[in-house]
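A.B. asks: What follows is each chain in one-letter form.
There are 2 protein chains.
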Amino acid sequence: MTPSGPGLGRVETQRVVLFTQDDPLALESGRTIGPVEVAYETYGELAPDGGNAVFVCHALTGDAHAAGHHGDPEQRGWWDALIGPGRPLDTDELFVICPNLLGGCAGTTGPSSPDPEDPARAYGLRFPQFTIRDLVAVHRALLAHLGIERLRGAIGGSLGGMQVLQWALDAPEQVERAVLVCASARLTAQNIGFTAVARTAIMRDPGFQDGDYVGTGHGPAHGMAIARMMAHLTYVSTESLRLKFDRERRRGHDTHQTFDIDFEVESYLDHQGRTFLGRFDALSYLYLTRPMDYFDPFAEPGVDLARVGAATRFLLVSFDTDWRFGSEHSAYIHERLAAGGVDAVHEVIASPWGHDSFLLDVPEYHAAVAGFLRTRPAP
Amino acid sequence: MTPSGPGLGRVETQRVVLFTQDDPLALESGRTIGPVEVAYETYGELAPDGGNAVFVCHALTGDAHAAGHHGDPEQRGWWDALIGPGRPLDTDELFVICPNLLGGCAGTTGPSSPDPEDPARAYGLRFPQFTIRDLVAVHRALLAHLGIERLRGAIGGSLGGMQVLQWALDAPEQVERAVLVCASARLTAQNIGFTAVARTAIMRDPGFQDGDYVGTGHGPAHGMAIARMMAHLTYVSTESLRLKFDRERRRGHDTHQTFDIDFEVESYLDHQGRTFLGRFDALSYLYLTRPMDYFDPFAEPGVDLARVGAATRFLLVSFDTDWRFGSEHSAYIHERLAAGGVDAVHEVIASPWGHDSFLLDVPEYHAAVAGFLRTRPAP
Numbered sequence: 036m037t038p039s040g041p042g043l044g045r046v047e048t049q050r051v052v053l054f055t056q057d058d059p060l061a062l063e064s065g066r067t068i069g070p071v072e073v074a075y076e077t078y079g080e081l082a083p084d085g086g087n088a089v090f091v092c093h094a095l096t097g098d099a100h101a102a103g104h105h106g107d108p109e110q111r112g113w114w115d116a117l118i119g120p121g122r123p124l125d126t127d128e129l130f131v132i133c134p135n136l137l138g139g140c141a142g143t144t145g146p147s148s149p150d151p152e153d154p155a156r157a158y159g160l161r162f163p164q165f166t167i168r169d170l171v172a173v174h175r176a177l178l179a180h181l182g183i184e185r186l187r188g189a190i191g192g193s194l195g196g197m198q199v200l201q202w203a204l205d206a207p208e209q210v211e212r213a214v215l216v217c218a219s220a221r222l223t224a225q226n227i228g229f230t231a232v233a234r235t236a237i238m239r240d241p242g243f244q245d246g247d248y249v250g251t252g253h254g255p256a257h258g259m260a261i262a263r264m265m266a267h268l269t270y271v272s273t274e275s276l277r278l279k280f281d282r283e284r285r286r287g288h289d290t291h292q293t294f295d296i297d298f299e300v301e302s303y304l305d306h307q308g309r310t311f312l313g314r315f316d317a318l319s320y321l322y323l324t325r326p327m328d329y330f331d332p333f334a335e336p337g338v339d340l341a342r343v344g345a346a347t348r349f350l351l352v353s354f355d356t357d358w359r360f361g362s363e364h365s366a367y368i369h370e371r372l373a374a375g376g377v378d379a380v381h382e383v384i385a386s387p388w389g390h391d392s393f394l395l396d397v398p399e400y401h402a403a404v405a406g407f408l409r410t411r412p413a414p
Numbered sequence: 036m037t038p039s040g041p042g043l044g045r046v047e048t049q050r051v052v053l054f055t056q057d058d059p060l061a062l063e064s065g066r067t068i069g070p071v072e073v074a075y076e077t078y079g080e081l082a083p084d085g086g087n088a089v090f091v092c093h094a095l096t097g098d099a100h101a102a103g104h105h106g107d108p109e110q111r112g113w114w115d116a117l118i119g120p121g122r123p124l125d126t127d128e129l130f131v132i133c134p135n136l137l138g139g140c141a142g143t144t145g146p147s148s149p150d151p152e153d154p155a156r157a158y159g160l161r162f163p164q165f166t167i168r169d170l171v172a173v174h175r176a177l178l179a180h181l182g183i184e185r186l187r188g189a190i191g192g193s194l195g196g197m198q199v200l201q202w203a204l205d206a207p208e209q210v211e212r213a214v215l216v217c218a219s220a221r222l223t224a225q226n227i228g229f230t231a232v233a234r235t236a237i238m239r240d241p242g243f244q245d246g247d248y249v250g251t252g253h254g255p256a257h258g259m260a261i262a263r264m265m266a267h268l269t270y271v272s273t274e275s276l277r278l279k280f281d282r283e284r285r286r287g288h289d290t291h292q293t294f295d296i297d298f299e300v301e302s303y304l305d306h307q308g309r310t311f312l313g314r315f316d317a318l319s320y321l322y323l324t325r326p327m328d329y330f331d332p333f334a335e336p337g338v339d340l341a342r343v344g345a346a347t348r349f350l351l352v353s354f355d356t357d358w359r360f361g362s363e364h365s366a367y368i369h370e371r372l373a374a375g376g377v378d379a380v381h382e383v384i385a386s387p388w389g390h391d392s393f394l395l396d397v398p399e400y401h402a403a404v405a406g407f408l409r410t411r412p413a414p
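Residue numbers (this note's numbering), protein chains in the order written: chain A, 36 to 414; chain B, 36 to 414.
The set of hints was computed from the structure by calculation and includes no laboratory data.
What you are looking at is a predicted structure, and each value in this text was computed from that prediction instead of being measured.
Do not rely on the hints blindly, as some may be mistaken.
Stated by the list, open to error - If you want a taste of the chain B side facing chain A, the calculated C-beta under 10 Å gives, among others:
| id | residue |
| --- | --- |
| 1 | A224 |
| 2 | N226 |
| 3 | T235 |
| 4 | P241 |
| 5 | D247 |
| 6 | V249 |
| 7 | T251 |
| 8 | A256 |
| 9 | T273 |
| 10 | F298 |
| 11 | Y303 |
| 12 | F315 |
| 13 | Y329 |
Unchecked claim - Just a sample of chain A residues kept apart from chain B, beta carbon distances all over 12 Å, derived:
| id | residue |
| --- | --- |
| 14 | D57 |
| 15 | A256 |
| 16 | E283 |
| 17 | L340 |
| 18 | A346 |
A virtual CB, placed ideally from N, CA and C, is assigned to each residue, including glycine.
Build the full structure now, drawing on both the sequences and the hints.
C.D. replies: Below, the structure written as structure tokens:
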């Protein structure tokens with residue numbers, strides 16, 4: 036299913052304070068945080084019975100701006116291929132909600148927000164660490180604010196899928212259909228290792244200043260670049276890098292060896308790294324990666340799969356060339372759900388683009404999502 | 036084949052000046068370098084007819100000390116499992132030679148050696164860049180110094196295998212049997228990307244000081260640690276990390292989330308990173324990784340495989356869980372050699388340990404090497 040038609044037009048980001056300093060969000064750790072302001076966007080119209088809402092949970096570096104544009108029709112939201120009139124999340128039929136995550140840096144309260152204890156400075160590392168369940172608690176507060184009791188669906192890729200899973204396990208009555216795209220319920224040692232290296236690169240950069248770089252005019256630019264370059268290599272497949280770059284050298288470069296950028300893949304990674312600090316915050320990178328390492332919901336006591344299966348059905352999508360959260364991650368989730376009698380389908384989609392496929396227009400994937408959200412009856 | 040018996044005893048590193056400032060090594064780039072001193076070790080006795088010599092080419096962070104010990108029998112050379120009496124490179128029968136590479140930091144002239152133009156300082160980035168062929172030119176000069184005309188075999192893993200391949204393609208009459216263990220003749224964009232990130236981490240570390248950190252008392256410690264942590268993740272398989280660490284937390288650690296080291300795999304990688312600067316030089320890391328990116332010998336004009344096939348036979352070994360230079364790299368070399376009528380065998384060995392398998396005691400691998408070097412007749 037290729038995006039057709041013009042897509043959504045101009046959209047606006049909205050903001051709402053869901054928790055205050057006096058009535059703060061209670062985190063799973065026992066700590067609290069308030070105020071919590073949330074930036075979010077909605078697309079489409081909520082049906083009078085409230086039964087057409089789909090909640091989008093974004094991944095590590097996403098934001099509330101999932102679809103449409105903010106004035107320049109060429110600059111469209113990160114999941115515009117998936118969301119809009121006639122698209123898999125069909126806004127002619129569905130009401131789509133997408134907030135920026137707690138701990139993020141695109142409008143929702145996070146570690147670079149002013150610390151209410153000392154509003155002249157940002158929280159920095161004084162911001163409390165949180166869990167995937169805490170991210171979902173904020174989503175649920177937003178849903179209550181919007182007056183919606185039950186979602187037609189919740190969908191997310193990667194870290195987004197983790198939120199959907201936690202939500203459906205904790206409050207299945209609120210999620211009729213859960214779509215987890217290349218998610219994981221249990222990071223491997225290799226997964227943990229790669230983000231450990233990325234965090235190390237950021238935290239050991241002298242520009243990090245123990246987390247108090249906000250407002251100083253310089254931050255951990257080198258560390259962020261290195262983290263991003265390395266992470267990006269894990270988001271794309273060996274095959275997609277070969278297709279895009281192979282061993283091509285930069286045009287016009289002489290044939291002498293150099294430590295400077297020479298191969299096209301180096302130039303591409305360097306660009307990814309250099310632009311990252313401008314569009315994402317180093318503290319948010321730390322705060323949003325760490326909960327993934329700890330996420331292991333099926334290992335928790337009290338998971339009630341009978342209750343989950345009575346209320347929620349699952350679509351798990353994975354991509355055959357994804358080596359960050361490969362199909363074995365989705366297979367593990369599927370196995371755990373199926374063992375508990377939950378209705379779950381796992382579709383392994385062929386795509387050369389690795390983990391990044393969840394952001395791209397892969398027709399078989401889009402068709403699977405569209406079919407699951409629109410045509411299958413609720414249980 | 037498990038290492039049996041006590042192995043080699045005490046061994047000594049020798050040094051020889053193979054090129055002088057007046058009679059320097061001419062590099063493939065047209066630049067020259069001299070003096071070039073080489074550190075090397077030998078094990079076993081050279082036969083009167085000189086026909087039992089096997090040359091060992093080390094990988095990125097190896098050195099001349101491949102087997103035996105320097106005084107502490109517990110501290111043994113990096114390939115001790117492969118070299119010694121009764122081992123695959125059987126020193127009761129063979130004369131084994133292993134030099135430190137040009138550009139290295141363990142006795143052979145490299146970028147941290149004194150610059151003859153200004154002996155009070157190290158070369159730094161003024162050291163000329165070189166190719167795999169240049170590494171082999173130094174090996175061949177060492178061989179001439181030792182009075183050996185033809186090798187029973189040349190063997191190397193990873194970067195070591197690249198040297199063996201270049202040697203056999205350029206001077207097949209000098210190499211009766213070539214053993215390439217998890218080598219590559221053509222890095223992928225992903226391979227190039229990972230080393231690009233590692234070099235970026237080193238060169239952007241303020242401690243790198245544009246390469247002039249030698250003698251200043253501090254170097255690019257953070258950059259080296261990050262490079263090593265990331266590279267190490269590519270040397271080991273997903274499965275080996277799972278077997279060693281899975282999701283284990285450090286003993287006694289509380290259950291709160293922390294950005295500090297918490298998972299065992301983080302502790303392991305941190306240790307790898309922290310100890311690396313003490314045992315390896317950042318400039319050597321740059322100079323020895325970059326030639327791998329450019330290495331593409333079958334793309335060169337003038338490769339004479341008929342000549343190669345008349346003089347040299349090949350054993351290619353790869354490991355099924357290696358994702359740095361996986362079996363497809365060896366399969367490519369095999370395909371190119373076989374298409375030219377060269378006698379080449381490719382053995383894909385099952386081993387859970389990924390790229391690192393070439394350093395480990397994997398019985399099927401050791402048996403293949405032993406059999407190839409000892410029992411098969413020369414062509």
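A.B. asks: Can we trust that A346 (chain A) is non-interface, i.e. its beta-carbon lies farther than 12 Å from all of chain B?
C.D. replies: 29 Å, holds
A.B. asks: Once the shortest beta carbon distance from F298 (chain B) to chain A is found, is it less than 10 Å?
C.D. replies: 5 Å, holds
A.B. asks: With 12 Å as the threshold, tell me whether D57 (chain A) passes as away from chain B on beta-carbon distances.
C.D. replies: 26 Å, holds
A.B. asks: Taking the least C-beta to C-beta distance, is A224 (chain B) closer than 10 Å to chain A?
C.D. replies: 4 Å, holds
A.B. asks: At a threshold of 10 Å, is the proposed contact between T235 (chain B) and chain A supported by beta-carbon distances?
C.D. replies: 6 Å, holds
A.B. asks: Is L340 (chain A) truly not at the interface, in the sense that its beta carbon sits beyond 12 Å from all beta carbons of chain B?
C.D. replies: 21 Å, holds
A.B. asks: Given T273 (chain B) as an interface hint, is its Cβ closer than 10 Å to any Cβ of chain A?
C.D. replies: 5 Å, holds
A.B. asks: A closest beta-carbon separation below 10 Å is what the hint needs, so does Y329 (chain B) meet it against chain A?
C.D. replies: Since the shortest Cβ distance to chain A is 6 Å, the answer is holds.
A.B. asks: Let's test the interface hint: is any C-beta of chain A closer than 10 Å to that of N226 (chain B)?
C.D. replies: Holds, about 9 Å.
A.B. asks: Does the interface hint hold: is A256 (chain B) within less than 10 Å of chain A, judged Cβ to Cβ?
C.D. replies: With Cβ-Cβ at 9 Å, under 10 Å, it holds.
A.B. asks: Closer than 10 Å between Cβ atoms is the bar; does V249 (chain B) clear it against chain A? Give me holds or violated.
C.D. replies: It is violated, given that the least Cβ distance between V249 (chain B) and chain A is near 17 Å, above 10 Å.
A.B. asks: Can we keep the F315 (chain B) interface hint, with Cβ of chain A closer than 10 Å?
C.D. replies: At about 17 Å, which exceeds the 10 Å cut-off, the nearest Cβ of chain A leaves the hint on F315 (chain B) violated.
Of the numbered hints listed earlier, those contradicted by the structure are 5, 6, 7, 12, 15, 16.
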